[in-house]
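Visitor: For reference, the chains in residue letters:
Protein chains: 2
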Amino acid sequence: MKLAQATIKDIARELNVSSSTVSRALKDYPGISDETKKRVKEMAEKLNYRPNAVALSLRKSKSFTIGVVIPEVVHFFFSTVISGIEEVAYKNGYNVILCQTNEKLEREISSVETMLSNQIDGLLVSYSKETTDFSHFIKLMEMELPIVFFDRTPNIENTVNVTVNDFNGGYQATKHLIDQGYRKILHLAGPSNLTISKKRKEGYLAALNEAGIPVDEKLIVECPIANEKESFESCVQLFKDADNRPDAIFAHHDIVAAGAMLAVKSLGLKIPEEVGVVGFSNWQFASMIDPPLTSVMQPGSKIGEKATQILLEMINNKVINPLNMEDLVLDTELLIRKSSLKNS
Amino acid sequence: MKLAQATIKDIARELNVSSSTVSRALKDYPGISDETKKRVKEMAEKLNYRPNAVALSLRKSKSFTIGVVIPEVVHFFFSTVISGIEEVAYKNGYNVILCQTNEKLEREISSVETMLSNQIDGLLVSYSKETTDFSHFIKLMEMELPIVFFDRTPNIENTVNVTVNDFNGGYQATKHLIDQGYRKILHLAGPSNLTISKKRKEGYLAALNEAGIPVDEKLIVECPIANEKESFESCVQLFKDADNRPDAIFAHHDIVAAGAMLAVKSLGLKIPEEVGVVGFSNWQFASMIDPPLTSVMQPGSKIGEKATQILLEMINNKVINPLNMEDLVLDTELLIRKSSLKNS
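These protein sequence lines map, in sequence, to chains A and B. Taking the UniProt record's numbering, the leading residue of the first sequence gets 1, the next gets one more, and so forth. Taking the UniProt record's numbering, the leading residue of the second sequence gets 1, the next gets one more, and so forth.
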């Protein structure tokens, strides 16, 4: 055994774990059990492992630039995340470069390559809807590039993820509608392949169950495109039958809610008296429409700040400790406005 | 005279023009008169000028990456420009990296440095509200980095600029209100230090003058912050006096218009029957509010496409010809919705 040249791969092979697990364990990253960290460090000592000199020197010639890969800048939520990222980055002397994937895997892969050739010190990622193969990220992690994922959690072991509690957001929205006296609550759900859609719907179901309201499958309508035209058309159909119509709407996000409101109003129904409406994401326009829209606020700026703080700690090889992973699931907040206030 | 080593600076000195003029004249860029081009080329020949070998070799090792410096991604207009940029860039095998300045000069300077150290092939810029000294851009132009400015035209000679016809947008909006029978048209103007604010206001004044409506200075109200809270508060004051209130609003942009609409409605006034409203920029929410908002659409995507096409031609040293500079001022389009339709 070439003791003097043991690499991370040697340690990984000996322990039958991935290289990225070894790398992260050696750095005390979160998401790795103490037991694994102990085994990795012992094996590193046994094999006389020394950190790769090239990697270290690369690390020393820092660019003070952070790369951010996001699906769409036009989505209000992501623009608030970017603000939070920049806030922390600039305060610490880092610049930020953004690449937008437009929800396309191909663009994501080429964005990641661009970022890498630009010698970024670390990467913040919210991957595209198309991404199911994460090998372009795994490759970077094996090169020991610090990466933090936000909003969307990838199917890779031992990643550091900063997310929103979408389940609780859906629960808060639905419970509020129930508390206001609404009973036939329509859920305009998001694309079913996204985890956030599933979590919001689970929150909706949990609130109904808790209140003893039976779930009516006809009241769960998926909006795969999730724009205002689609929800307008769905709602015109759903609300035109006076005998059998819902009395409230919990929408996957505010654009979907806005389309639903236009439909409900076009049928002459009053919001919130006859139909209560709650959206999600608290887009900029939510307070400007008529009536102002109750919405679940995601702490976009906080997500950006938190993800960047952790990334900078990783870049600077700081021991991230004690970091409870639960801290990285940030809470939503229900902003109550007129659209859902039946009882006021 | 060192004939064999004449540089662009030598030519510039001999002709008493700037280096960037010489550089651009040699490449047949737009914005340089034929007369200047001729003088520069003759002097280059006389001095035995040869393009800088280092610059050429830098040019040959292309990164196929375009840098974009913008004030704010959250502004809907800029997000549409980015879409247009990416459309053309990806089609031509280029990646796009973005830096957001948040309207701060300091961030702009450091963004430009980051872009440069990342070896971009060219730069698209909409500079910050704070920028009055353009030396960080002039430096890049002297290094022969291709740059195209969009939306905001800098105070530098011989730049290539792609802009919107804001004057005509303001004119279209105001003329439409006059055609609908409104006479006391309030202009909620943008920050007075921005050229776009001035142009929109000039368009407003031109339409009034053409219709023979005397200008009432009390009906021109600046909104320096240009958010919905500010315009709400201004309009509550301006509309509460029933005897003397305006009968229409032309707002600097849709957020300002939305705040004004909330104020007007809070006073019990009907839109469009008692007050007509027109916004600017056609934000995503304009069609979703009640009543849907008439707005001047800026061709954001087209601006991005056009600016990128020209930048790629500059990067590839193509002769840009014949390029009428007037083509680079793109037309707005009035999207008429219910908020301004008194006569329907």
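Please keep in mind that the hints were generated in silico from the structure rather than gathered at the bench. Certain hints may be false.
[Stated by the list, open to error] Computed footprint of chain B on chain A; a stretch qualifies when at least three of its residues, placed anywhere within it, have a C-beta under 8 Å from a C-beta of chain B: (1) 27 to 38; (2) 90 to 96; (3) 109 to 116; (4) 207 to 215; (5) 239 to 245.
[As the list claims (entries may be wrong)] In silico PhoX-like pairs for lysine-lysine, Cα to Cα no more than 25 Å straight-line: (6) Lys338(A) - Lys270(B); (7) Lys270(A) - Lys270(B); (8) Lys306(A) - Lys229(B); (9) Lys302(A) - Lys229(B).
All values reported here derive from a predicted model rather than from experimental measurement. Positions of the beta carbon are idealized from the N, C-alpha and C atoms, including for glycine.
Visitor: Hints broken by the structure, by number, lowest first?
Guide: 1, 4, 5, 8
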